[in-house]
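Here the structure of chain A is known, so what remains is to put chains X and D in place on it, guided by the hints.
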Amino acid sequence: MKSMSRTSWITLAGMAALLILPPLFLWSGNEFYLQLATRLVILAIAAVSLNLVLGYGGLVSFGHAAYIGIGAYAVGIPAYHETYGGFDSIASYDGLFHVALAVGISALFALVTGAISLRTKGVYFIMITMAFGQMAYYLFFSINEYGGDDGLVIDVRSEVPGLNLDNPLQLYLLSYVALVAAMLIVRTIINSRFGMVIKGAKGNNDRLVGLGYNTYLYRLAAYVISGAMAGFAGALLGNFTTFISPEMMGWTRSGELMFMVILGGAATTFGPVLGAVIFILLEEILSSYTIFWQLPFGLILIGVVLFARGGLMGFLTTKWRKP
Amino acid sequence: MKRLLISAAIAALITAPAFAAEVKIGFVTTLTTGAAVIGKDIQKAVNLAVEQMGGKMGPLDINLIYADDGFKPETGKQATDKLVKQDKVDFVAGYIWSNVLLASRKSVLDAGKFLITANAGPGPIAGKLCNKNLFSSSWQNDETPMAMGEVLNQNGVKSLYIIAPNYAAGKGMVAGVKRTFKGEIKGTDMTTWPTQLDFSAELAKAKASGADGLFVFYPGKAGGAFMKQYQQAGLKDSLPLYTVFTVDALSLPKFQAANFTDVLGSQFTQQWDPTLDNPQNKRFVSEFRAKYGSYPSFYAAQAYDAMFLIRSAVEAVNGDLTNMDGMRTAMESANYPSVRGKYTYGNNHMPIQNYYLRQVVKDSDGNWTTKVVKTVFKNHQDSYAKDCSL
Amino acid sequence: MDYTLLFVQTLNGLQLGLLLFLVASGLTLVFGILNFVNLAHGSIYMIGAFIGASLTLWLGNFLIAVVIALPIIGLVGYAIEKFVARRLYEKDHLDHVLGTFGLILVLDTLAHLIWGPEGISVPLPGWLDGQVELFAGVVVPTYRLLIITAGLSVAGGLVWLVNYTRLGMLIRAGASNRTMVSALGIDIQLLFALVFALGAMLAGLAGMLITPITEASIGMGGQIIITAFVVIIIGGIGSMKGAFIAAILVGMIDTLGRAYLADIFALVMSPSAAETSAPSVSSMLIYILMAAILAVRPQGLFPPKARP
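Listed in order, the protein sequences are those of chains A, X and D.
For what it's worth, my numbering labels the leading residue of the first sequence as 38, then goes sequentially.
For what it's worth, my numbering labels the leading residue of the second sequence as 32, then goes sequentially.
For what it's worth, my numbering labels the leading residue of the third sequence as 51, then goes sequentially.
Rather than coming from a laboratory, the hints here were simulated on the basis of the structure.
Keeping only pairs whose Cα atoms sit at most 25 angstroms apart, straight-line, the calculated DSS-like set for lysine-lysine is: (1) K141(D) <-> K236(A); (2) K141(D) <-> K239(A); (3) K141(D) <-> K158(A); (4) K291(D) <-> K158(A).
Incomplete in silico selection of chain D near chain X, CB under 8 angstroms: (5) D52; (6) N62; (7) L107; (8) G169; (9) S171; (10) Q181; (11) Y193; (12) I263; (13) E265; (14) R308; (15) P329.
Since we're looking at a predicted model, the values are computed, not measured.
Note that beta-carbon positions come from the ideal geometry of N, C-alpha and C, so glycine has one too.
Just chain A, same shape as in the assembly (with noise of 0.2 angstroms):
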């Protein structure tokens, strides 16, 4: 019970010190360093979507940058038609819609990839979501009207009632609050029956299959779950970044939200955010110093998987156990 509160402790810490910290980059003039905060817990928001498939479901996503991806679109695409014409159904700057957009296609896209993906396991599994992840790649890759792989800028970010977007602080605050939500979400399922489903199929799926349970169905509706939270985070990237690309969804951006999942620890609610935290602060610090940044961050990774068996929650709870 002990390494417990320990993690409650670290877990509050850490979310407090997100809540106050960039605000005062702000205002001592650095807002910089507030949008490298909203970018990191954006992203965060996607790595805890990811971990409740990858860390409590023991299923490896390689194809997680799609649904940021697909999110982010979902804010372009509606603006997009609302500025320069055309396809007046889903014309729009409605935050709500856009949100309303990214949930829904995510969630479909999930439904879709999933139920097939889920036929598969291990290696195959892994592999397969990398494969549908690509093929949303192509798809925006193609679609000249937005772009192509040139990308789409949102020229007007979504209109959210009693928000302004393009304020920095407002924006971030609103990353904050759905990055908590997120965190209380995937906490409730894991703890609630459906997610002890989740976690048994994990260890030992024929167990929980002999005793009637049908698994496929769980793992898809968690399949589906990360992937509509997935979409959310992605759009508010594309709030954020006002700019979409299909490299946004390509496979590396997959790996690296594995590595945030793994580097703050797995199956843990706040493990996600740490590993985003982290990447995000030692991919910044690491490329102010040399464009041959990658050398040094590849072999920390390395020695990520090699050594640090549980993340970094692993390491400082076990550490400061008490024999």
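Quick look at chains X and D alone, frame taken from chain A:
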């Protein structure tokens, strides 16, 4: 993690705004991936320019910050954001790739800074997206292939097959050559960019089409790959090749090392050539060669010009960087020594300049380089200028 | 229909397929026997290309350079196995993916540091640089025929190695029963290292063979590795026969897609829309194929029979 964040916060709080007498120039280019070879050449030219200026523009010290776009629009935009928001630069220059420029332009222009593109020239920025603070030291994408289309007409080429990559600049190049070429287009292949480097299927189609000539646009390493496969397919006599931005001073030494003689004599169009006869160009080419041992590429020439264009603006206002209008007026007059010779700016801040036909030859030392064959267009203006509201 | 063109395009597809097979065979060998997912296989392909290209410029002869470069890339593979891969075998596939993802970053940056960003072009010997007229009207580059020949020879060599040699027997035994192989007094760690080195040589050979067509360049591995994975997934991971058939299939679909998809699309849409959408859809074709095959056969076309 927390300590890191806290120290970052403290560092952020105590960083005082810089008010040293300097002009900050952010230069966005490609420093990683295989395309870094272009970025490296650009860096050489920019460093040479700064050296020749004695590190000063008017009364101000030059503070030059390079940023890597990683050959990706999103990374380029992030790098641009950092230059504008964190480094608080006065000018953002560079941009090799049209898609990176399109993604990044808003970050610079919304912050009210000057944006100098030293290569990329997609149609929209010359037309409906033109901006009072956006200048080009290069060209609009369509113009160079338009010049090539004119060359094809002059050479009596009756039909053409086109192969180009499927991205903004590729589409612009195809649109450009189609605009001036009067003969028949037998077919157009747009290939996946930047991953596709094997053009066997496209070359076989081009050959089967029976066209008189083949027009291609492949910048960077794809250009080298294309030229080799063209030679291996043995099409030199049956399907003469006409290129833009495919053979350059970066690929020629590699071709020479590989003794790849089909390239000798090949022709392409451009707004600049190392042999252009003006004092600034002679100085640039000779000092570049003395310092780095190779001919500068057109990328290098344009980046070099961008630095002198910026200097002309800073000098015109005597270092008062708050005088945006003064600097803008100065740049609009293009009153600086350009390596391409004197040119003017159109309403959309794109150069109105000459385009030449260049040919690959051996210089007196046996190095492979280029010379000017003839002038194709005199004082040519791009076709998007009329859409620009400036 | 222009049958000459179709024939040439089929040859192009075959050549691409065989090149893919060289990469995929190493991947499937390593996966089938060591149960190891190696994303960095593409980086080995890139390093092979660079070593081959450097040696070609140094020695002045492409073929001699390839012969010398092969054992070198084998050693590189051996070193990667010894220092990184070996420590990952016991972990799960997720760790393999992440660890080798890190390895990609390291190897690509190292290549940038060693060879610079320029990339290297290599010349071919004169007799390889020309064209061959197979029969009237069908002229193909000689070098492409060499790739086809090399690919088929390697495929034959692998069949012989796996089915008729002692090493092959051990490899097959190692895949299905590790303890038994160890009990026979065979150093299984050495066996695994040799398999890894063999895989590296196959990938390196592919990299060397592609260099005269394109060039050795940073990041070339990231493009081929995903396609190679698609190949072995379609074929059934661990199956050499599956890798071969799937590689040819993927090579054909990719090439013929590039060659004919625009014409097919032009039947139902405007020519300019067909021109621009066809290349992207043809790059999607292989993923569609993979998804379709896995939907019907979740273990690929030729799933290996026994797994440890």
